[in-house]
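Number of protein chains: 2
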Amino acid sequence: MSKRIVIVGGDGAGMSAAAQAKRRDPSLVITAYEKGPVVSYSACSIPYYVGKVVNQTDQLIARTPEEFHRQLGISVHTEHEVVDLDLHNQRLQVRSDGSTAWESYDELVLATGAVPIVPSWPGVSARGVYSVKSLEDGVSIRRDIEHRHPLTAVVVGGGYIGLEMAENLRHWGIKTMLLEQKAAVMPTMDPDMGELIVEALVGLGVDVFLEEEVMGFDVADGWVRAVQTRRRNVAADLVILGLGVRPQSALAQRAGLPLGIKQAIKVDPYLRTEVAHVWAVGDVTESHHLVTGQPTYIALATVANKQGRIAGLNLSGSATPFPGVLGTAITRVGATEVARTGITLTEAKEAGIDAKETRIQAETKLGYFSDVSPITVKLVAEVGSGRVLGGQIVGGSGSGKRIDTIATALSARMTVTQVVDLDLAYAPPFSDVWDPVQIAARTLVPKL
Amino acid sequence: MSKRIVIVGGDGAGMSAAAQAKRRDPSLVITAYEKGPVVSYSACSIPYYVGKVVNQTDQLIARTPEEFHRQLGISVHTEHEVVDLDLHNQRLQVRSDGSTAWESYDELVLATGAVPIVPSWPGVSARGVYSVKSLEDGVSIRRDIEHRHPLTAVVVGGGYIGLEMAENLRHWGIKTMLLEQKAAVMPTMDPDMGELIVEALVGLGVDVFLEEEVMGFDVADGWVRAVQTRRRNVAADLVILGLGVRPQSALAQRAGLPLGIKQAIKVDPYLRTEVAHVWAVGDVTESHHLVTGQPTYIALATVANKQGRIAGLNLSGSATPFPGVLGTAITRVGATEVARTGITLTEAKEAGIDAKETRIQAETKLGYFSDVSPITVKLVAEVGSGRVLGGQIVGGSGSGKRIDTIATALSARMTVTQVVDLDLAYAPPFSDVWDPVQIAARTLVPKL
Numbered sequence: 004m005s006k007r008i009v010i011v012g013g014d015g016a017g018m019s020a021a022a023q024a025k026r027r028d029p030s031l032v033i034t035a036y037e038k039g040p041v042v043s044y045s046a047c048s049i050p051y052y053v054g055k056v057v058n059q060t061d062q063l064i065a066r067t068p069e070e071f072h073r074q075l076g077i078s079v080h081t082e083h084e085v086v087d088l089d090l091h092n093q094r095l096q097v098r099s100d101g102s103t104a105w106e107s108y109d110e111l112v113l114a115t116g117a118v119p120i121v122p123s124w125p126g127v128s129a130r131g132v133y134s135v136k137s138l139e140d141g142v143s144i145r146r147d148i149e150h151r152h153p154l155t156a157v158v159v160g161g162g163y164i165g166l167e168m169a170e171n172l173r174h175w176g177i178k179t180m181l182l183e184q185k186a187a188v189m190p191t192m193d194p195d196m197g198e199l200i201v202e203a204l205v206g207l208g209v210d211v212f213l214e215e216e217v218m219g220f221d222v223a224d225g226w227v228r229a230v231q232t233r234r235r236n237v238a239a240d241l242v243i244l245g246l247g248v249r250p251q252s253a254l255a256q257r258a259g260l261p262l263g264i265k266q267a268i269k270v271d272p273y274l275r276t277e278v279a280h281v282w283a284v285g286d287v288t289e290s291h292h293l294v295t296g297q298p299t300y301i302a303l304a305t306v307a308n309k310q311g312r313i314a315g316l317n318l319s320g321s322a323t324p325f326p327g328v329l330g331t332a333i334t335r336v337g338a339t340e341v342a343r344t345g346i347t348l349t350e351a352k353e354a355g356i357d358a359k360e361t362r363i364q365a366e367t368k369l370g371y372f373s374d375v376s377p378i379t380v381k382l383v384a385e386v387g388s389g390r391v392l393g394g395q396i397v398g399g400s401g402s403g404k405r406i407d408t409i410a411t412a413l414s415a416r417m418t419v420t421q422v423v424d425l426d427l428a429y430a431p432p433f434s435d436v437w438d439p440v441q442i443a444a445r446t447l448v449p450k451l
Numbered sequence: 004m005s006k007r008i009v010i011v012g013g014d015g016a017g018m019s020a021a022a023q024a025k026r027r028d029p030s031l032v033i034t035a036y037e038k039g040p041v042v043s044y045s046a047c048s049i050p051y052y053v054g055k056v057v058n059q060t061d062q063l064i065a066r067t068p069e070e071f072h073r074q075l076g077i078s079v080h081t082e083h084e085v086v087d088l089d090l091h092n093q094r095l096q097v098r099s100d101g102s103t104a105w106e107s108y109d110e111l112v113l114a115t116g117a118v119p120i121v122p123s124w125p126g127v128s129a130r131g132v133y134s135v136k137s138l139e140d141g142v143s144i145r146r147d148i149e150h151r152h153p154l155t156a157v158v159v160g161g162g163y164i165g166l167e168m169a170e171n172l173r174h175w176g177i178k179t180m181l182l183e184q185k186a187a188v189m190p191t192m193d194p195d196m197g198e199l200i201v202e203a204l205v206g207l208g209v210d211v212f213l214e215e216e217v218m219g220f221d222v223a224d225g226w227v228r229a230v231q232t233r234r235r236n237v238a239a240d241l242v243i244l245g246l247g248v249r250p251q252s253a254l255a256q257r258a259g260l261p262l263g264i265k266q267a268i269k270v271d272p273y274l275r276t277e278v279a280h281v282w283a284v285g286d287v288t289e290s291h292h293l294v295t296g297q298p299t300y301i302a303l304a305t306v307a308n309k310q311g312r313i314a315g316l317n318l319s320g321s322a323t324p325f326p327g328v329l330g331t332a333i334t335r336v337g338a339t340e341v342a343r344t345g346i347t348l349t350e351a352k353e354a355g356i357d358a359k360e361t362r363i364q365a366e367t368k369l370g371y372f373s374d375v376s377p378i379t380v381k382l383v384a385e386v387g388s389g390r391v392l393g394g395q396i397v398g399g400s401g402s403g404k405r406i407d408t409i410a411t412a413l414s415a416r417m418t419v420t421q422v423v424d425l426d427l428a429y430a431p432p433f434s435d436v437w438d439p440v441q442i443a444a445r446t447l448v449p450k451l
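Residue numbers (this note's numbering), protein chains in the order written: chain A, 4 to 451; chain B, 4 to 451.
What you were told as hints is all true, and nothing was included just to trick you.
Note that the list lumps identical chains together, so a pair holds whenever it fits in one copy or between two copies.
Cross-link-like lysine-lysine pairs, in silico, DSS-like; alpha carbons within 30 Å at most: (1) Lys178 with Lys368; (2) Lys265 with Lys185; (3) Lys368 with Lys136; (4) Lys178 with Lys136; (5) Lys359 with Lys185; (6) Lys38 with Lys136.
In short, the hints are calculated from the structure, not lab data.
Work out the full structure: start from the sequences and follow the hints.
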């Protein structure tokens, strides 16, 4: 009899696993259950949908359930929620249209993703207050803007989603304020890099308030009217919460699967959980950090898709490990590009690594081009070995993706000397003769 | 007594060596002789000077002789030509203002660079026919354009300089034709990638003729009037030769220094020649190719500056090897970015490596952005091991510098599987969730 694989969760990780496995072994019978109305959509695009950069939600959907069935022979059921797992008997309970049924599996892939963190602030459930995770969130926010024409918005949280939402709200001309509880935006980067990001936000007309602790919301007629912080009361017709996510692992936890850091599901390098025939991928899963060697939780689409691919290979007869993650990430604030990979100096110290850092400013191309911009590069390296541990970049057009050079060097465990020796591309419209990444690395080369 | 270092040639390689050595060991007495009128200028910027992107030659000069003296304590003599070497007695003959003198050295650095290849075509020395190597070449071409207002130009040769000069001549509205002897432009890349580059040239209004063998030039009153090819006679008020360079190694050869590939000076990994106390760096020097392990000749500013730095370290007491080169290079043709690194499939075959290639087309960002462009990525990998051997990229804004990811992977001797596993940066304005480099690598991963 054909092997029956059930996927729980129809986003990038789960559907990548399904597609990869089915392509390699067409005999597999694969069924995916998704509790929401759509699968395989670009969650990272939601801010750009809100900001009118893209106008049709179907442009954000890589493949519909019908296409999965027709093109790949995979059954996808939306509006089907998996409510219980019976791992001992290899079955799961699925609810749809108010009724439930038990389904059996030979291999189970948990790809239930993450949910936005929403503190229990008074008034947080008022109308006009939104998280940004699902496509429906994006549709609701945009519809609200189009119908209600909010004049003022407050974005709570200065991480990726907060920055991207603030930028995209400005596309509507909405007066936008960003509140961050910490002393700097972008918590995965250093405060001095955060200052450059704040400059970019201010350049877009976003008011940024740091060290602002939200206490709750003023609500009238069911709608949010203002954000109360410890210091002030800020009028707001619209509030966007960008406070990060946590793994949606309650189902796995109830079934007895061991959880790890931040309650993410523990997996081995092959993405198997500790229970036979149960796999986990994507934002619900713990990862191995390639720099620290420690477990980490990084909810990013790149990681989810890579894990999905690896699980798909292994579900179809391979034994391919997933090497781990660096937390490489990028975004932009207007024309300013922001990227990071590996660990910061603070994280190095927390991991017990003796490290030092450098920060240089260079230019994105030779200075005589009219569109030259500054680029700031920060590198962290281990004292003694010179091994590169992490990097951060903020700069104009052409800056951000230079983080990939650092990420590749991190994966190869290169030293700063090896980065200086790299044969990177130079021409006047692209770089100085020493790439900014190498200019930074040079300052960390031990004196010989 | 202080050690006396003499540098022959005042461009990037020689002056990098001088600056690095002097910074580390201020007791060194360093003298540089340059036969031309300027030192330490950006030769790669000459096309952009001709094309009015930059208007002042002093913007192309990193440091003047006076600045070298004042800031670093290095003596730089322009218009001083080294005409003879007496390596046995550690001295060299310098000519200036018509007189010559012998100078002694403790360590000698040959950084005499390269000269443009100029075939002995009839009429090639006519006025209006230019090579593009020195800053004076650039000044002459631009002055000629400003004074004589040429209506038609022919660029001979479809390499980097040819492409860049064609683009920059179009900034003046000059009707420009590019002639290439081979069946494709950009000889360091594959013909199918060359086709994309021709499209970009045509988009700028450049007429491109391939397989055109130049036979000579029509000359009247001392000025070029037309280019004669085997097939046609092309009217031209201005002719630019972009036929590559060869090492300027005659001085070294006369002194008995062993030459290698293409008559470049042979050096060991520390950049020492085979004669004691004589070093060679930059465009006059042979390099070690990191992919083939064979000697190669690559005249690029990046290599020259890196070699200068390494020689400077070693002249001041270090023992640092220069690992070698990949031939990583980049340019642009209008908005089209062009880059390459490592070796092509043809070069792999010539080197006896069993290799295969892939070519994919992706997009520079998610498709809903109005400024999305196609990006074509070609990867070459060894059969069996899967080791990546080379890459080529042609695409819109944001494409070219992705070559650095491939170059870094090449330096680390990564396999295509390791490239697929890389944690590269993704956000909708920068990439698809799989970077185009990884999309290419995926197609080469052996079926598991």
